[in-house]
Amino acid sequence: MRVRMAARLVRGLLVAISATGLALSVQAQDQGKEKKIKIGVVFDLTGPLAGGGSELGYIGAKIVLDHFAKTGVEGYKIEAVYADAQSKPDIAINESVRLLEQEKVDMVLGFFSSAQCVPVAARVEQLKKFMWMTTCISSAVFNEKGYKYVFRPQASGDQFGMMTMDFIAQNAKAKFDKEPKDLRVAIIHEDGAYGVDVSRGNEAGAKKAGFNVVMKEGYSATAPDLSALVTKLKRAKPDVIFHTGYNPDITLLLRQAREQGLKFGALMGHGAGYGVYEKLKEGMGTDATYIFNTDPISIWLANQKTMDPKLPPVIKMVGEEFDKIRPGVAIRSAHVGIGASNTYVFMNDVLPRAIKKYGGVDPDALRKAALDTDIPEGGTMLGFGVKFYGEGTPMAGQNERSFPVVIQYIDDKSSVVWPKSQAQREAVLPLPKGTTYSNQ
Amino acid sequence: MQAFLDIFDIYLLEAVINGILLGGVLALLALGLNLIFGVIDVTWICYAELVMIGMYAMYFLVQYYGISYFLAAPLTILLVALLGAALHYLVIAPLLTAPPINQLLATGGVLFVLQSFATVAFGIDFRNLGIRLPVLAFGDMNFSYARLLSFLAALVGMVAVYLFMTRTFTGTAIRAISQDRQIMALMGVDTKRIYLITSAIGGGLAGLAACLLVLQYDVHPFVGLSFGPITFLICVLGGLGNFIGGFIAAFVFAEIISLGGLFSDLEWGYVLAFAFFIVMMFVRPAGLLARRR
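These protein sequence lines are chains G and L, in that order.
For the first sequence, this note's numbering gives the first residue as 1, with consecutive numbering after it.
For the second sequence, this note's numbering gives the first residue as 1, with consecutive numbering after it.
Treat the hints as calculated values from the structure; they're not laboratory data.
Everything numeric in this text was worked out from a predicted model, so none of it was measured.
One thing to keep in mind: the hints can contain errors.
To be verified - With beta-carbon atoms standing in for the labels, derived distance ranges: (1) L:I131 <-> G:P376: 46 to 54 Å; (2) G:D66 <-> L:G139: 33 to 41 Å; (3) G:P376 <-> L:L12: 50 to 58 Å; (4) G:K420 <-> L:V279: 51 to 59 Å; (5) G:K420 <-> L:G66: 43 to 51 Å; (6) G:G390 <-> L:Y145: 55 to 63 Å; (7) L:I131 <-> G:A69: 41 to 49 Å; (8) L:G139 <-> G:K181: 43 to 51 Å; (9) G:K36 <-> L:L96: 50 to 58 Å; (10) G:K178 <-> L:L78: 54 to 62 Å; (11) L:L133 <-> G:R425: 29 to 37 Å.
All C-beta atoms in this analysis are idealised placements derived from N, C-alpha and C, irrespective of residue type, glycine included.
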């Protein structure tokens, strides 16, 4: 009897010990399992788009990701996995899918080229994964697509096209001494998703302003010769040329324009290659002066007085880190700031909310957190606010508070000249007499 | 009458002349590729990448080392000539008896190696030589000196290659080998040496093209993509290995691009040029100047 009781006691003890051990082990496992968000970052690091601004966007995003990797977010470690889209849409799709399915990243972030954004967004949405686009601008990404998991704080392409037209419309009489209907405008663009989208905005803006559109044409960004396009521009005699291109097609066009004696009153660029002043200067020398560019404002030009006071130190940090990577750059490209600011919005606003309010970093938590975003104007380094068009709207996922600005390069400096509320100086318009392209 | 004048204006003439000048650029590119195919019977898919390396050489010699353009140009031609010879020695020679597809794939592989090498060694930045040549103006028409130089170089290069091939012993040997590989070896000609010389001359012509293209285009690792396919098409259109055919095809192609682009969208100029190529492949599959059998 005693033996049986003793055996039962031993058995009970063993069960109790093993149960306690198991419980402790589970607890230890829970404690040991680190909370982490893996972010797949896709930019073009090789191929023609890399030098056209993509690598600069990548540097901006990486500076911010590295910054948060040191601190973590709400107890989550940050791990970025980088991929090179090689300036090819098919590679961008394959790399995004590889990151999501093989590297098991929780989301993808980045994307410079609109030609990549459009198909990648469709694929990521199909996989029900979260995508945060920092740089590409084509409206076609969202237009009537009804995506749930794709978000973009960046302004859209048609806004770019409308903004430059609005700028010229408001200055036609004062600067060109012409009524809008007498102002001859030419719209030329690379024929990818980006150029086509911006040119649509240009066209709509020209129609609204009542301009005389004397020419509208697309071309391949890899065309080895643009002399026929220049000849047609000479024949059309535009007062203002609205151009959307990458690089090196921009420098090729402007070089051939100089050689063929094309004259005009103003050249309005729309981001991408026009956002990299160093390259414009290298290719065109002093002819790069007085060129206009439309982009989200450079974070180093944004009005810090009206900005959230937490942001200027971040801008300073991004600038210092960029200078370490690229010392001696005359004008820090807006692309760096775009990559940095739009990544910062996610890391600083959306991600903490997803973790705290929605309990993690799965696509639905990130989606809900993104939809809750409500940053007022002045709440980002780029100056604009962030609120996404909601589900069921035609542009669901696009930031409704973003806007680009018009800047002008003068004497190796870039200054905001439009809209008036952000203007830092008066625009030099039309091109001064004696300059290479001046039609005066 | 007004409608006629609207079309046949000074800009049409400018487009015609620009087409001729573009033809010069393309003819220059096609010259070396044709020479190599004509003699060695191998197509260097990576030919435009040799031009790219030459453009980088020009950029660094002029911008980085401060050497004058006129001194840098012969150095670049020599460098790319050596590169051409090395390409033959290391890649082509071991594959001379292999099926043509293997040779194509091998030179295609070299294309990616050279692109990747340039990306790693020089970075992805677009680089500009910074030399701005003056412009030749005739009334409302303006022409680029850089293009005129290319056109002249193509003409001189064409004549020089022709004279070399017809008036020198080596040139005669090259022509003889291109007609019959096996028999020339039996007659005591060192075919390996002739192939090496031909490859060096082909490389040198790529170097010459690089010296002139660098005045017109930014240099970057993928600049070859803008020219490679079109150069290859021109060589095929002219008849692979046919110098004069390639020369004429370059101008025909360039005029279609230029005039097609003037009368319609620029893209249509290229579409028309490629459509013309396809039609000619049916009509004259051996090239524009091929003899009908």
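- Taking 43 to 51 Å as the hint, is the beta-carbon distance of K420 (chain G) and G66 (chain L) inside that range? Holds, at about 47 Å.
- For the range 55 to 63 Å, tell me whether the beta carbons of G390 (chain G) and Y145 (chain L) fit it or not. holds (58 Å)
- Taking 33 to 41 Å as the hint, is the beta-carbon distance of D66 (chain G) and G139 (chain L) inside that range? The hinted range 33 to 41 Å is violated for D66 (chain G) and G139 (chain L), with Cβ atoms some 58 Å apart.
- Task: Indicate whether the distance between the beta carbons of I131 (chain L) and P376 (chain G) respects the range 46 to 54 Å.
- Result: holds (51 Å)
- Query: Does 51 to 59 Å hold as the CB distance between K420 (chain G) and V279 (chain L), or does it fail?
  - Reply: Hint holds: Cβ distance 57 Å, inside 51 to 59 Å.
- Range hint compliance [Cβ, P376 (chain G) to L12 (chain L), 50 to 58 Å]: holds (57 Å)
- Okay, K36 (chain G) versus L96 (chain L) on CB: inside 50 to 58 Å? At 56 Å between Cβs, range holds.
- Does 41 to 49 Å hold as the CB distance between I131 (chain L) and A69 (chain G), or does it fail? holds (45 Å)
- Message: Just to be sure I understand the hint, the distance between the Cβ atoms of L133 (chain L) and R425 (chain G) should be within 29 to 37 Å; is that true here?
- Response: holds (34 Å)
- Item | C-beta pair G139 (chain L), K181 (chain G): status relative to the range 43 to 51 Å that was hinted | About 31 Å separates the Cβ atoms of G139 (chain L) and K181 (chain G), which means 43 to 51 Å is violated.
- Does the Cβ distance between K178 (chain G) and L78 (chain L) fall inside 54 to 62 Å? holds (56 Å)
In summary, the structure is inconsistent with hints 2, 8 from the numbered list given earlier, while agreeing with the others.
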